[in-house]
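S.K.: The lines below spell out each chain.
Number of protein chains: 2
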Amino acid sequence: MKPLTSIDRLSLNQATTEKWSVREAVEGCARAGIPAIGLWRHKVEEQGLKESARIVREAGVSVSSLCRGGMFPAESAEERRRRIDDNRRAIDEAAELGTDVLVLVCGGLPNNDLDAARKMVAEGIAEVAPYAAERGVNLGIEPLHPMFAADRSVIVTLEHANDIAIEIGAENVGVVIDVYHVWWDPNVYREIERAKGRILGFHVNDWIVPAPDMLRGRGMMGDGLIELRRLRHAVDVAGYTGPIEVEIFNDEIWSKPGDEVLKLMKERYLEHV
Amino acid sequence: MKPLTSIDRLSLNQATTEKWSVREAVEGCARAGIPAIGLWRHKVEEQGLKESARIVREAGVSVSSLCRGGMFPAESAEERRRRIDDNRRAIDEAAELGTDVLVLVCGGLPNNDLDAARKMVAEGIAEVAPYAAERGVNLGIEPLHPMFAADRSVIVTLEHANDIAIEIGAENVGVVIDVYHVWWDPNVYREIERAKGRILGFHVNDWIVPAPDMLRGRGMMGDGLIELRRLRHAVDVAGYTGPIEVEIFNDEIWSKPGDEVLKLMKERYLEHV
Numbered sequence: 029m030k031p032l033t034s035i036d037r038l039s040l041n042q043a044t045t046e047k048w049s050v051r052e053a054v055e056g057c058a059r060a061g062i063p064a065i066g067l068w069r070h071k072v073e074e075q076g077l078k079e080s081a082r083i084v085r086e087a088g089v090s091v092s093s094l095c096r097g098g099m100f101p102a103e104s105a106e107e108r109r110r111r112i113d114d115n116r117r118a119i120d121e122a123a124e125l126g127t128d129v130l131v132l133v134c135g136g137l138p139n140n141d142l143d144a145a146r147k148m149v150a151e152g153i154a155e156v157a158p159y160a161a162e163r164g165v166n167l168g169i170e171p172l173h174p175m176f177a178a179d180r181s182v183i184v185t186l187e188h189a190n191d192i193a194i195e196i197g198a199e200n201v202g203v204v205i206d207v208y209h210v211w212w213d214p215n216v217y218r219e220i221e222r223a224k225g226r227i228l229g230f231h232v233n234d235w236i237v238p239a240p241d242m243l244r245g246r247g248m249m250g251d252g253l254i255e256l257r258r259l260r261h262a263v264d265v266a267g268y269t270g271p272i273e274v275e276i277f278n279d280e281i282w283s284k285p286g287d288e289v290l291k292l293m294k295e296r297y298l299e300h301v
Numbered sequence: 029m030k031p032l033t034s035i036d037r038l039s040l041n042q043a044t045t046e047k048w049s050v051r052e053a054v055e056g057c058a059r060a061g062i063p064a065i066g067l068w069r070h071k072v073e074e075q076g077l078k079e080s081a082r083i084v085r086e087a088g089v090s091v092s093s094l095c096r097g098g099m100f101p102a103e104s105a106e107e108r109r110r111r112i113d114d115n116r117r118a119i120d121e122a123a124e125l126g127t128d129v130l131v132l133v134c135g136g137l138p139n140n141d142l143d144a145a146r147k148m149v150a151e152g153i154a155e156v157a158p159y160a161a162e163r164g165v166n167l168g169i170e171p172l173h174p175m176f177a178a179d180r181s182v183i184v185t186l187e188h189a190n191d192i193a194i195e196i197g198a199e200n201v202g203v204v205i206d207v208y209h210v211w212w213d214p215n216v217y218r219e220i221e222r223a224k225g226r227i228l229g230f231h232v233n234d235w236i237v238p239a240p241d242m243l244r245g246r247g248m249m250g251d252g253l254i255e256l257r258r259l260r261h262a263v264d265v266a267g268y269t270g271p272i273e274v275e276i277f278n279d280e281i282w283s284k285p286g287d288e289v290l291k292l293m294k295e296r297y298l299e300h301v
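Residue numbers (my numbering), protein chains in the order written: chain A, 29 to 301; chain B, 29 to 301.
None of these hints come from the bench; they were simulated from the model. Please note that a few of the clues may not be correct.
If chains are identical, the list can't say which one is meant, so a pair holds when it fits in one copy or spans any two.
[Claimed, not checked] For lysine-lysine, the following DSS-like pairs were computed, each having C-alpha atoms within a straight-line distance of at most 30 Å:
{"id": "1", "residue 1": "147", "residue 2": "224"}
{"id": "2", "residue 1": "147", "residue 2": "30"}
{"id": "3", "residue 1": "71", "residue 2": "284"}
{"id": "4", "residue 1": "78", "residue 2": "291"}
{"id": "5", "residue 1": "78", "residue 2": "30"}
{"id": "6", "residue 1": "291", "residue 2": "147"}
So that you can see chain A by itself, here it is in the shape it has in the complex (with noise of 0.2 Å):
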């Protein structure tokens, strides 16, 4: 498992330089020679997205993808209904955005039937795919850490989310693969291989031990237990060669300045992805 020789696949998932604006994140990249950047649509919103689009295209950043569509369960047909017409959306803008990626984040539980939150999911894929097929977008089911199944994902495993895209079965619904999301799953590795052909993103951080928060106590790489060169050489063997994004909750991370998290994070990269 030989180290990368460069950054050329590096991007900054902008949830790492939380207090960056899009044309804060982009142009960090720029300078820091960083080539791709994930965008998150709270984001994109704040800065225009037309606004946004021009950013990057000027700056010559490519966004490697586009955070998040999803969160389909919901108690109420209507609101069902409104969460879909959501993802239309974000497929809309993902592609002014000149992304081929949304990553979905499929949402949780509006009560305690799980089974049923995880059919409303891939009704909610299936329906919106053909939309997004049109735009030249592809929906990428992240599997969230069990920890998050009840408020924000009832997809917690790679091997759920390869079956819902399996079956499913368009051309553009895949999966992307967070390893901290997946790292402690005993069948992560034939589950990688399993996602051969449909992995659409590889998001790198780490975790730490003790975990300061939930959900803003991800580390930077090389800070925690994560095997991230197994698990990148893994995603490498199934074919995956594009970005890697660098994705990390954390507020220490975020008090810190931005330059100097994009200059860590490109050495930590080499080092330990």
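Following the hints, complete the assembly by docking chain B onto the known chain A.
M.R.: Then chain B, alone, in the frame of chain A:
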């Protein structure tokens, strides 16, 4: 899926009444008509082992399990040896307390080699199993929630716990199923069925949103999103007829008077489990 009609199978895991000593918890159970208790080693040590054994015997409260053995992975061979010895002591204590179940919390990652840590767990259990068998003690592998993979248990799915139990192949090695740790798993019902004949314990509580804390954020049955009755039914169908322990780590519950907690626990058990 019918509700339970009595508290015949109810057991207080003493972690639920953290502020009570062994004596207080056993007397609380006796007052409340709760027929069994799950004890913790640090509490037994505070009370004294022989004294604890006498207290439960005299109160006519049976000991459903002792928590916990395990914690097998360690960096050095010497430390691993110390932990094996500690498991032997835990087995002796279980026998002395008159319970036939020692719950194993298998241990976290000493470094970033997850496979090696998992191997240490399987080897550790295999090594102590004959010692336990001679003393009439069964070893219950409790898969923990994946959020504890780094610091508490590298065994995080029931599938994996089943695999290890099957691989070891000893009559006295099985699994303990705690709803909090397994409820999110898309394979949980398949694996409960597969655990048939090997289920050594069933623990109930709930997953509340938002979780106030990773470790001490469990809820009382009915306050969260876990399909408790469905899981209990599946465990029943898999042939488990033993005690159902209520195990809740939660600061708010710990701050309430124990008798009140036991009263609520009985009501919620009949209503939701």
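S.K.: Evaluate each hint against the coordinates.
M.R.: Results of checking the hints against the structure:
Taking identical chains as interchangeable, the C-alpha atoms of residue 147 and residue 224 lie at most 30 Å apart whether they share a chain (24 Å) or sit on different chains (28 Å). For the identical chains of this complex, residue 147 and residue 30 are inter-copy neighbours only, at 25 Å across copies versus 40 Å inside a copy, given an alpha-carbon limit of 30 Å. For the homomeric pair residue 71 and residue 284, the shortest alpha-carbon distance inside one copy (19 Å) is at most 30 Å, but the shortest distance between copies (44 Å) is not. In this assembly of identical chains, the alpha carbons of residue 78 and residue 291 lie at most 30 Å apart only when taken from the same copy (29 Å versus 60 Å across copies).
Taking CA atoms no more than 30 Å apart as the test, residue 78 paired with residue 30 passes in neither setting, with 40 Å inside one copy and 57 Å between copies. Proximity of residue 291 and residue 147 under a CA criterion of 30 Å is satisfied in neither setting, with 43 Å inside one chain copy and 37 Å between copies.
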